[in-house]
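**Student:** These protein sequence lines are chains Y and D, in that order.
Numbers in my numbering are just positions in the first sequence, counted from 1, shifted up by 543.
Numbers in my numbering are just positions in the second sequence, counted from 1, shifted up by 543.
Please note that the accuracy of each hint is not assured.
Repeated chains share a single entry, so a pair holds when one copy, or any two copies, can fit it.
Taking lysine-lysine pairs in the BS3-like style, the calculated list, with each CA pair at most 27 Å apart, reads [to be verified]: (1) K608 / K561; (2) K583 / K608; (3) K633 / K601; (4) K561 / K633; (5) K583 / K601; (6) K608 / K555; (7) K608 / K566; (8) K566 / K601; (9) K601 / K546; (10) K555 / K631; (11) K561 / K601; (12) K623 / K546; (13) K608 / K633; (14) K601 / K555; (15) K626 / K608; (16) K631 / K601; (17) K596 / K561; (18) K601 / K626.
If you are wondering where the hints come from, they were derived from the structure by calculation, not from laboratory data.
Protein chains: 2
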Amino acid sequence: MTKADIVNEVSKNTGIEKVTVQKTVEAFMETVKESLVDGKNVYLRGFGSFVVKRRAEKTARNISKNTTIIIPAHNIPSFKPAKSFVQKVKTK
Amino acid sequence: MTKADIVNEVSKNTGIEKVTVQKTVEAFMETVKESLVDGKNVYLRGFGSFVVKRRAEKTARNISKNTTIIIPAHNIPSFKPAKSFVQKVKTK
DNA sequence: AAGAAAAAGACATAAAATGTCGACTCATAA
DNA sequence: TTATGAGTCGACATTTTATGTCTTTTTCTT
Chain Y
544 MTKADIVNEV SKNTGIEKVT VQKTVEAFME TVKESLVDGK NVYLRGFGSF
594 VVKRRAEKTA RNISKNTTII IPAHNIPSFK PAKSFVQKVK TK
Chain D
544 MTKADIVNEV SKNTGIEKVT VQKTVEAFME TVKESLVDGK NVYLRGFGSF
594 VVKRRAEKTA RNISKNTTII IPAHNIPSFK PAKSFVQKVK TK
């Protein structure tokens, strides 16, 4: 599904105008992103949690050049799906 | 941040009523969930992709009992953040 | 504000993911 | 239709995740 598909579905299910849904969905994603950039996790019960995780320094390979490089420690955005979400997906 | 925090922020930034924002955000999450339950991935540019992954049968541990259990092959929901999202988080 | 219940976090270890680059193709989204 | 973000592929060593159960914390509805 694309964003347009999601917007259509939400609009159909809620009766809210597509323009409003699109604007809201976009703002939602932007807000989640900015929250994680600020280091603040987002907890959405029944859906999942968007959390910032720390990745340790790591040695990787540039495969095409067959060289080694060091990836410094850094933060990444991650998502932990809610248990109920996992349950529903696992059985299908 | 909680759902209420997100809804407040979205409402503030878009001018859309909180009640509408909440309804939209809830429907958004529900739609993403149902899409993955149906086996259909969701691609949201600049935010990330919600994708169903297959997990092979696995030997795992019941840690508290220190026993071995077999987890049958199953699907899990996962999220791959967009590159731009990763970039913004990594540097903070 | 209260209460329900979802979620976080701790434990040992096998499985899964991670990262790199670059070229190419695919697909989202305005 | 067009621009460009996103996905894919290779090797491989290291890091991270995911299992159940229990307790505590937190979300979130009313």
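**Student:** A separate judgement is required for each hint: does it hold in the structure or not?
**Tutor:** Right, here's what the structure says about each hint:
no. : hint        : result
1   : K608 / K561 : neither (47 Å within a copy, 52 Å between copies)
2   : K583 / K608 : neither (37 Å within a copy, 35 Å between copies)
3   : K633 / K601 : between (32 Å within a copy, 14 Å between copies)
4   : K561 / K633 : neither (31 Å within a copy, 33 Å between copies)
5   : K583 / K601 : within (24 Å within a copy, 33 Å between copies)
6   : K608 / K555 : neither (50 Å within a copy, 48 Å between copies)
7   : K608 / K566 : neither (43 Å within a copy, 50 Å between copies)
8   : K566 / K601 : neither (39 Å within a copy, 42 Å between copies)
9   : K601 / K546 : neither (34 Å within a copy, 34 Å between copies)
10  : K555 / K631 : within (23 Å within a copy, 33 Å between copies)
11  : K561 / K601 : neither (44 Å within a copy, 44 Å between copies)
12  : K623 / K546 : both (21 Å within a copy, 15 Å between copies)
13  : K608 / K633 : between (38 Å within a copy, 24 Å between copies)
14  : K601 / K555 : neither (46 Å within a copy, 40 Å between copies)
15  : K626 / K608 : between (41 Å within a copy, 22 Å between copies)
16  : K631 / K601 : between (35 Å within a copy, 19 Å between copies)
17  : K596 / K561 : neither (34 Å within a copy, 30 Å between copies)
18  : K601 / K626 : between (30 Å within a copy, 19 Å between copies)
Checked against the numbered hints given earlier, this structure breaks hints 1, 2, 4, 6, 7, 8, 9, 11, 14 and 17; the rest are met.
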